[in-house]
Amino acid sequence: MSLEDYRQQPTVFAAFALPTLIWLLLFFVAPLVIIGMYSFGENVTLVEIKTTGTLDNYARIFQPEILVLLWRSLWIAGIATILCLVIAYPVLLNILGTRGRLNEALGWLWEIADAALNRVGFGQWQLLGESFTPLKMLGTPGGVIFGIVYVSLPFAILPIYSSLERLNHSYLEASLDLGAGQWKTFYHVLLPLTMAGVVTAAIITFIPALGQFITPDLLGRGQVDMIANVIERQFKRANDWPFGAALSLFLLYITFVLLAVRSFYDARRGQNS
Amino acid sequence: MKRNPKKPFEYSRKWSMRLLFLLTMIFLYAPILVLIIFSFNDSRRGGNVVWKGFTTKYYAKAFANEELMLAFTNSMTIAVSSTIVSVFLGAMTAVFLWRFRFPFKPLAEGLIALPIVIPEICMGVSLAMFFSHMGLWTTGDTPWPFNLSNIILAHITFSFPFAAMVIRTRLQSFNREIEEAAKDLGAREFQVFRDILLPHMKPGLIAAALLCFTLSLDDFVITFFTSGPNTVTFPVKIYSMVRFSITPEINAASTVLILLTLVLTFLALRYQRPTDVSHDG
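Keeping their order, the protein sequence lines are chains Z and W.
Using the working numbering, the first residue of the first sequence is number 1, and each one after it goes up by one.
Using the working numbering, the first residue of the second sequence is number 1, and each one after it goes up by one.
By construction, these hints were calculated from the structure, which means they are not laboratory data.
Note that the coordinates shown come from a computational prediction; the quantities given were computed from them, not determined experimentally.
Be aware that a few hints might be false.
[Claimed, not checked] Derived SDA-like pairs: lysine to any residue, alpha-carbon spacing no greater than 25 Å straight-line:
hint, chain 1, residue 1, chain 2, residue 2
1, Z, K50, Z, A238
2, Z, K50, W, W137
3, W, K202, Z, A17
All chains, please: the whole structure from these sequences, using the hints.
Shown next, in the form of structure tokens:
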């Protein structure tokens, strides 16, 4: 299927493209520009913020207590991501291993139902934890990691699923026929072939995990704060919008770096093959 | 050959893999089941492990709770309005990305996908600042439903890229020769769109609408930041109830939300599955 050049039908192109582009400029790009502005500003009065070009808000990110928090967010999100991958990969092998449309539907259901369900699932572990308390989960990093794995698992499932589904099975058969064991085949054939999906899964899990607000808020009980909790405090309680803006932008920069890593990885793979 | 356990992708035959699968399923679904079961528990504390007998009184209590019902009405209003606009914008986006070649296309695609990837908190914060900076902030006495406008705008912004994704997948299966034939037979551009492309897109549009509706209904973080004072949605209300004290009423309210989400997801699935839509295209 060939694409049409936009110059052949400029009015049709404009009619379809403009509403979206205007919407994005207005409600997505402009808000980002505004936090950009505010992050270089300071509170003049309680309600008024002036953009003075100060770098103080960014300097404050490197205060020891904020650095501790950033470091905690990074390792909690990191461990949660690794756990998600370790759980998602074999589970998907299982789903794809059995045959029939049932599994197809199951795979679909899994992705979508969970993505949806997990958004409302935030209260549950709290309910469980308070009554059972055999394991101290509430207010510990372990509890927060557990919660993040719970809500992030669908993000890990999706990319791995699509890369496993496209895999040509004859490579695996060849490897097994030529005498490699299951583990060897997994490590030297299956994993490298699906690595692109794993990298995407890792990044797409890590980004929302790093910015988690509700899980550390409800399960951490103020003991295991992550970046998003501090951002929230600047807006709802501390009333320090410029610092909150700088922190959100910092989180956004991390996101961009990770996305760049992914495109770099894709580009390098493209060259090799 | 079929019985050979060394065949690839037969990992599921191993008991260890099956066990892992089972454990993951329990991990994912046990909390939801527990939540639902204890919404019927006749006990004053939510999540009380001691079963005190079956009751539906907490459902009655949840439905009689005026604030909760107002939050529910708000959520529904927001979800319906944002879904309509999201599907419209998503369809336009999908069509122009699918149909045209134009300069800076990768940039445009990246920009459209960005609301899906950036952390929710960044989007919530930036929209909150934007509304306040532009003087669009709703106050406590803005009449209903205009006090929901900020939330609706925010929800459209994060859900239309999802709609575009779903609809574009559907467009991929469109046979452009049909379009050419119609044009050869004298159909105008708009007629081709209305009579040929739109009917083909329909299952995609329905799936996208159901997806956007669920996303909007369940959103917490972005709503939390963009809602003005005294404007509460269902998830935000449940959150504040959980912070205050945990009662089975929360379980009952969450169960209703989960059921609603499940039904919508099942419907979306039906429309998304290529096997179910093949006979109409």
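Cross-check of the supplied hints:
Restraint check for K50 of chain Z and A238 of chain Z: satisfied, since their Cα atoms lie roughly 17 Å apart, inside the 25 Å limit. Proposed proximity of K50 of chain Z and W137 of chain W is supported: the alpha carbons are some 19 Å apart, at most 25 Å. As the CA atoms of K202 of chain W and A17 of chain Z are separated by approximately 20 Å, the hinted pair is consistent with the 25 Å bound.
In this structure, every one of the numbered hints holds.
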